[in-house]
Amino acid sequence: MERRLAGLCDPGSEDFHEHEMSFSLRTGVNMSPDVSIKIRRRFKPDIVFHNQWLFRYIGVPEPDAKCPVIVRKVINSICYSQDCMTFAKTLGLRMDYEYMAKGKLWTKGNIKIATNILSRTERPGQYDPASIKPVSDSVLVEISCALPESAEYTMAAKQIRDFADQLMPLVCMEKVDYWRKYCSTGTVASQLGPIPVPPM
Amino acid sequence: MSRCKIFILVSLILKKQNERSAMNPMPGVSFTAPPPPPPIPQGVELVLEASDQWKIQEIGYDGVEKYIKPETFTDNVGKLARKIDWMKIVGSDVPTNSTNELDDENVEKKTKPSEDLVVPEVGPWSFVAKQLHESLQQLNVLLDNLNIAKNTDYMKPLTVLDPISNFETNAEMINIGKGTQWIWKRRAIQEAASVLENAGKQRQRAASSLGLSDEYMSHMQRTQFFEELKEMRDFWRVRKTGDRIYGDLSYNIFGTKYETHTLFDINRRNVGKNETSNESILEVSVPKDLTRRTMLNVSIIKDEVQSGNMYSSGNDEHEIYLKNCGVKEKDKFVHWKDALKWAQNTLFCRDTFNNLCKDAIKLRNRLSVIRDNVLLISLFDDYLLRVELKFYPFEKGELEEEGDKYLNRILRELVVSFECTKFLRPQMFTSSAITHLPESLDMRGSMAYSADEIKIKAIKPKTLLERLLDMAGHYHLVNLTGKIVEKCASQTRDPCLTHRWVQSGRKLSKLTVYMSSKDYEPVLGSMRNAFNVDVTTDCVIVESKEGVKMICHRDPEQIMYSFNYCVCTYSISLISLLAKNMWTTPFHTLHANIHALDDEGKPAPNLILCNQDATQSVLFVFRVGKEPEIRIRKFVVNDATMKPEEHKWRKLNYEKLAGSTLCRKVDVLLAFLRDAP
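Order-wise, the sequence lines are chains A and B.
Quick note: the first sequence uses numbering that gives the first Met the number 0, first residue 0, plus one each step.
Quick note: the second sequence uses numbering that gives the first Met the number 0, first residue 0, plus one each step.
Hints may be right or wrong, so weigh each one.
[What the hints assert, rightly or not] Computed cross-link-like contacts, DSSO-like style, restricted to lysine-lysine with a CA-CA straight-line distance of at most 27 Å: (1) A/LYS72 <-> A/LYS37; (2) B/LYS506 <-> A/LYS103; (3) B/LYS149 <-> B/LYS54; (4) A/LYS65 <-> A/LYS157; (5) B/LYS256 <-> B/LYS287; (6) B/LYS601 <-> B/LYS664; (7) A/LYS157 <-> B/LYS239; (8) B/LYS421 <-> A/LYS101; (9) B/LYS340 <-> B/LYS421; (10) B/LYS229 <-> B/LYS336; (11) B/LYS256 <-> A/LYS174; (12) B/LYS459 <-> B/LYS506; (13) B/LYS229 <-> B/LYS301; (14) A/LYS103 <-> A/LYS157; (15) B/LYS421 <-> B/LYS456; (16) B/LYS395 <-> B/LYS340; (17) B/LYS256 <-> A/LYS65; (18) B/LYS482 <-> B/LYS301; (19) B/LYS548 <-> B/LYS509; (20) B/LYS287 <-> B/LYS361; (21) B/LYS421 <-> B/LYS482; (22) A/LYS157 <-> B/LYS421; (23) A/LYS157 <-> B/LYS548; (24) B/LYS421 <-> A/LYS103.
[What the hints assert, rightly or not] Cβ pair distances, simulated, as ranges: (25) B/LYS200 <-> A/ASP164: 43 to 51 Å; (26) A/LEU24 <-> B/LYS239: 37 to 45 Å; (27) B/ARG267 <-> A/PRO168: 22 to 30 Å; (28) A/GLN81 <-> B/SER503: 28 to 36 Å; (29) A/PRO168 <-> B/THR179: 32 to 40 Å; (30) B/LYS395 <-> A/ASP164: 38 to 46 Å; (31) B/VAL415 <-> A/MET167: 32 to 40 Å; (32) A/MET167 <-> B/TYR310: 48 to 56 Å; (33) A/PRO168 <-> B/ARG236: 16 to 24 Å; (34) B/VAL415 <-> A/MET84: 47 to 55 Å; (35) A/MET167 <-> B/ARG267: 26 to 34 Å.
[What the hints assert, rightly or not] Computed footprint of chain B on chain A; a stretch qualifies when at least three of its residues, placed anywhere within it, have a C-beta under 8 Å from a C-beta of chain B: (36) 11-21; (37) 48-58; (38) 74-81; (39) 109-115.
These are calculated hints, taken from the structure and not from any lab test.
Every residue, glycine too, gets a C-beta built ideally from N, C-alpha and C.
Excised from the complex, chain A in its bound form (with noise of 0.2 Å):
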C-alpha cells in the first residue's frame, strides 16, 4: 500500500500520530446528540506542538446522489488550553468515543490521503503503550480535499474519485451513503474500514 500511494503521490510523506476524541452536546429532552464537535491532540515530544488542541465541526454529508464523492462542511480551529477537557466539560460537552490514530500522511497537489492504523485505550485517561491496543488489523484510507466554502466541487470529486480508483485492488474506496444508512439503521458510527472523504 505505501508503495502504491509512493508511486502515486509527491515525493515525501510525514509521519502523525493524534489523540481524538469525540464529543456532544445534548440538551434535548431525546438523548439525541445537538452538535457533536472532535477534539485532537498531538503526541509528539515537541515542545512546539504541547498543548495545542483542534477543534473540528463537521457537518452533515450533502444529499448530492451525482457526486462521487462524499461533501461536508468542516469548520477548523485551533486553540492553546493547559486543560481542555475542563473546558470542554464546562461548555457542557460530553465524550462520546476516542481513539487514537497512527500513520503517514501523503499528498498529491490538493489531495491528501493520509493512511490512519486506529487504536484505542483500555483505560480512558491514561495513554501509556501497555494500555493502547490496537482496534484492528485494518489499515483506515482517507482522501480528502479541502475547498473555500462555497467553491465548486465537481473537479475537484473527480480527481478525488480517479485516484481513489488507483487504489483500487488494495483498498475499495466507496462513497458510504451515510444519508441512506442513517435513515434505515439510525446509526451512523459502525461503519469500519476504508472510508473516502469528500472535498469539504
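Keeping the supplied structure of chain A fixed, place chain B upon it in accordance with the hints.
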C-alpha cells in the same frame, strides 16, 4: 474383527500296511507265495479343519464381538506342569529349602557372566578395561551397521535417477511418483532441446543466406522493441492501459501527472524486410503542438532607437518553421530519444514563458509588453529584460543559442528549482487543510498573533520573474562594475590598480580593488591599500578604506568617480608615509584632510608638509580624476608678522617634475626641498 486359525492336519492312513500286519499272525511259519501286486495309489486323504478358533466372549449391543485370546504354548505347558506331582519324582526327603538354594545358586551362576561385562571403575586396569569395553561397543555398533547395510534397503546409495529433494516429504510429494518426475524431466529437456534446435536452425539460415526468414525477423524486432521500451522506461514515465502503451512528457515532480495534453503514444514501427535495423523500432507520436524545437532566449537590451527591432525578428528559421508546419510526416523519422527530448523542451519552454507572462501582468511596478512571443519588462533605468520564445523545425541539427548564455541558464535553473520545491504542505494537524503558508503561521490562532505579526511571518516566495529580474539586474551591474574597474585601472597609472572578486553570488557580489606603488612597497609597509565594492541586485556601493560608503546606484560615472576618490585618499596616505621616512627625506606633516572640499564643493583631499629646518612648506591637493596639484612656499613662522608677498604659494608643474611615478616625483621634490633656505 474375527480371527480364526486353520490348521491342516494331514493323516496318512496306509490301509495296506494294516492289512499286511493283520494277515501275518505267525511269523515262524513261511509260505512261498507269489509276490503281492503293487499297491494301487489311492492319493492322500487330507482333512482340513480349524484346529482352534477364538472364542467369543460376548457380543455387544452394537454388534461388536469380543474374543477370548487363545492360550499359547507356554500357557499350555504351565497348565500341564501344574498337574505333575513333583514330590513323587524328586523324593519326599529333599527339603523344600534346598530347591530354593539351588535356584539361588543357578541365578547367581547366570548373573555372573553379566557381572564380567561391568566396567571396573577402580583398580590399576580400570582405564584399560574401560577402553576395551568401549572398543567392543564400537565394534558391536559397526557390526550392526554392516548387517543393516547388507541385509536391508535402508542404507543403499542413491543413483543418479533417484529424485533428490530438500523439502520435507509431505502428502503431495509422496503422491508424485517417480514416473511423474520422469515425465517432467523429459518434457523440460525436450523443450530446451527444441529451443536450441530452433535457434540453431535460424542461425544457420541467417548465416547461409541473407534473406532472413520472416519469423526470425519478427522475433528480432520483438526483442528490439522490448529492449528499447526498457531503455525508454529508464528516462520517461511509461504506462500501459489495455493494449495501449503511452508515456508522459510532463516534467513536474509534484502534482498531477499523465495529463492529456502531455501524453505520447508508443507504437511498434512497421519495418520492411530490406530495411536495416539501425533505426529504432519504437515510434512515438508526441502531441502535434509540441512537434517543434524551441529555445528560450533571455537578454538585456537598452531601450533606445539603436537597439533595433525588440520584438520577434521574423528571421529565416522562423519562416522555415512556419513552412514546415504543414509537413507532418517529417516527425516520424525522428528517433524517439530526440523527439521526446525536443517535445519536452518545447513544453518546458512554453510553460515557462506563459508563467513569466502571467507574473509580468501581476507585477504592477514594472512596465511590460508581451508581443510575438516576446516579453519585454523594464529592468531598471533604460534597460529592458527581453525573453523570447523561439520555434525551430522538428529536425536534427545544432541550434544556435541566442541571447545571453548566463541568463538562459539562470532561467532554467530557476524553473527547475521551482519544480523541485514543495510549496504545499499539511498543517500541524493532519485533519487541517493543505496550505502554502509558512510553518510559523500554523499557530497564529492559538498563539494569538497580531495582524502585524502575521504579516511579518507570512513571507511570500518571490515569483519566477521577480527572481529572474533580480539576478539579471545583478548580472548587469557586475558586468558594469567589472568594465569600470578595468577602465579605471587602465587610466590610473600611479598607483597601479588590481582587482579581485572576493564573493560571486547570484544576488550579491563583492569586489576588492588593490592599489600599489611601484618600487615603494617596502617603504609603505602595512599600509591599508584596498577598497571594497559591493554589487547588489540594483545598486553598487563603494566602500573606501576609511569605511566611507558611497552609494552609486547604477551610474557608471558615479562609480568611476568613487574609484578615483579612493585613489586620491590613498595618495594622501602614501605621501604622508613617504615624508615620515627618516633616512631619506624627513618632513613633518602639518595638516592633512581627506574630507576637504574645494571652492566648487567637490572633494579635494590635501596635505601640507614642512621640512625639518622649517624653511619650506609643500601643499598637495588631489582632485578627483585630475593630476595632483603641488604648491610650495616659504614657511610662515608667525602669521601676525608675515608678509603675504613673501609667502605666496607657487604652483609646480607636475609633468615637469623629475620621476615617472608619483612616489618618485615626490621623493625627488622633497629631497630638493629638504635643505632649501
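Hints versus structure:
1. For the suggested pair A/LYS72 and A/LYS37, the alpha carbons sit about 14 Å apart, so the restraint of at most 27 Å is met.
2. Only pairs whose Cα atoms come within 27 Å are accepted, and B/LYS506 paired with A/LYS103 is rejected, the gap being roughly 39 Å.
3. The suggested pairing of B/LYS149 with B/LYS54 is violated, with an alpha-carbon distance near 43 Å, which exceeds 27 Å.
4. For the given pair, A/LYS65 sits about 11 Å from A/LYS157 by alpha-carbon distance, which is consistent with the 27 Å threshold.
5. A C-alpha spacing of about 19 Å is found between B/LYS256 and B/LYS287, which places the hinted pair at or below 27 Å, so the restraint holds.
6. Between B/LYS601 and B/LYS664, the direct Cα distance comes to roughly 25 Å. Compliance with the 27 Å bound is thereby established for this hinted pair.
7. Our distance criterion of 27 Å between C-alpha atoms is met by A/LYS157 and B/LYS239, whose separation comes to about 22 Å.
8. Of the pairs offered as hints, the one joining B/LYS421 and A/LYS101 holds, with about 24 Å between alpha carbons and a cut-off of 27 Å not exceeded.
9. With a C-alpha separation of about 25 Å, the suggested pairing of B/LYS340 with B/LYS421 holds against the 27 Å cut-off.
10. Proposed proximity of B/LYS229 and B/LYS336 is supported: the alpha carbons are some 13 Å apart, at most 27 Å.
11. Taken as a hint, the B/LYS256 and A/LYS174 pair is honoured in the structure, with Cα atoms around 25 Å apart against an allowance of 27 Å.
12. Distance check on the hinted pair: B/LYS459 and B/LYS506 sit about 18 Å apart at the alpha-carbon level, within 27 Å; holds.
13. Pair hint B/LYS229 plus B/LYS301 does not hold up; C-alpha atoms about 50 Å apart against a cutoff of 27 Å.
14. About 24 Å separates the Cα atoms of A/LYS103 and A/LYS157, which keeps this hinted pair within 27 Å; it holds.
15. A C-alpha spacing of about 19 Å is found between B/LYS421 and B/LYS456, which places the hinted pair at or below 27 Å, so the restraint holds.
16. Between B/LYS395 and B/LYS340 the alpha-carbon distance is near 12 Å, which keeps this suggested pair within the 27 Å criterion.
17. Taken as a hint, the B/LYS256 and A/LYS65 pair is honoured in the structure, with Cα atoms around 26 Å apart against an allowance of 27 Å.
18. Pair hint B/LYS482 plus B/LYS301 holds up; C-alpha atoms about 17 Å apart against a cutoff of 27 Å.
19. Straight-line distance between C-alpha atoms of B/LYS548 and B/LYS509 comes to about 14 Å, which keeps the hinted pair within the 27 Å bound.
20. With a C-alpha separation of about 31 Å, the suggested pair B/LYS287 and B/LYS361 falls outside the 27 Å cut-off, and the hint is violated.
21. The hinted pair formed by B/LYS421 and B/LYS482 fails the criterion: a straight-line CA distance of about 40 Å is larger than 27 Å.
22. A hinted pair counts as satisfied when its Cα atoms are at most 27 Å apart, and A/LYS157 with B/LYS421 qualifies at roughly 23 Å.
23. Between A/LYS157 and B/LYS548, the direct Cα distance comes to roughly 61 Å. Violation of the 27 Å bound is thereby established for this hinted pair.
24. With a C-alpha separation of about 17 Å, the suggested pairing of B/LYS421 with A/LYS103 holds against the 27 Å cut-off.
25. Range check, B/LYS200 to A/ASP164: Cβ separation about 49 Å, and the 43 to 51 Å hint holds.
26. At roughly 54 Å, the beta carbons of A/LEU24 and B/LYS239 sit outside the given window of 37 to 45 Å.
27. In this structure the hint that B/ARG267 and A/PRO168 lie 22 to 30 Å apart at CB holds, the actual value being about 29 Å.
28. Checked against the hint of 28 to 36 Å, the pair A/GLN81 and B/SER503 fails, with Cβ atoms roughly 52 Å apart.
29. Range check, A/PRO168 to B/THR179: Cβ separation about 35 Å, and the 32 to 40 Å hint holds.
30. One distance hint, 38 to 46 Å for the beta-carbon pair B/LYS395 and A/ASP164, holds here, with the actual separation near 42 Å.
31. For the pair B/VAL415 and A/MET167, the beta carbons lie near 34 Å from each other, so the given range of 32 to 40 Å is met.
32. Checked against the given bound of 48 to 56 Å, the beta carbons of A/MET167 and B/TYR310, roughly 52 Å apart, stay inside it.
33. The beta-carbon spacing between A/PRO168 and B/ARG236, approximately 21 Å, falls within the hinted interval of 16 to 24 Å.
34. Distance hint check for B/VAL415 and A/MET84: the Cβ-Cβ separation is about 50 Å, which falls inside the suggested range of 47 to 55 Å.
35. Checked against the given bound of 26 to 34 Å, the beta carbons of A/MET167 and B/ARG267, roughly 29 Å apart, stay inside it.
36. Only residues whose C-beta sits within less than 8 Å of a C-beta in chain B count toward coverage, and the stretch 11-21 of chain A has 4 of them, enough to reach three; the restraint holds.
37. With a threshold of 8 Å between beta carbons, the proposed coverage of the stretch 48-58 of chain A by chain B holds, since 5 of its residues qualify and at least three are required.
38. Counting residues of the stretch 74-81 of chain A whose beta-carbon sits less than 8 Å from any beta-carbon of chain B gives 5, enough to reach three: the coverage restraint holds.
39. With a threshold of 8 Å between beta carbons, the proposed coverage of the stretch 109-115 of chain A by chain B holds, since 3 of its residues qualify and at least three are required.
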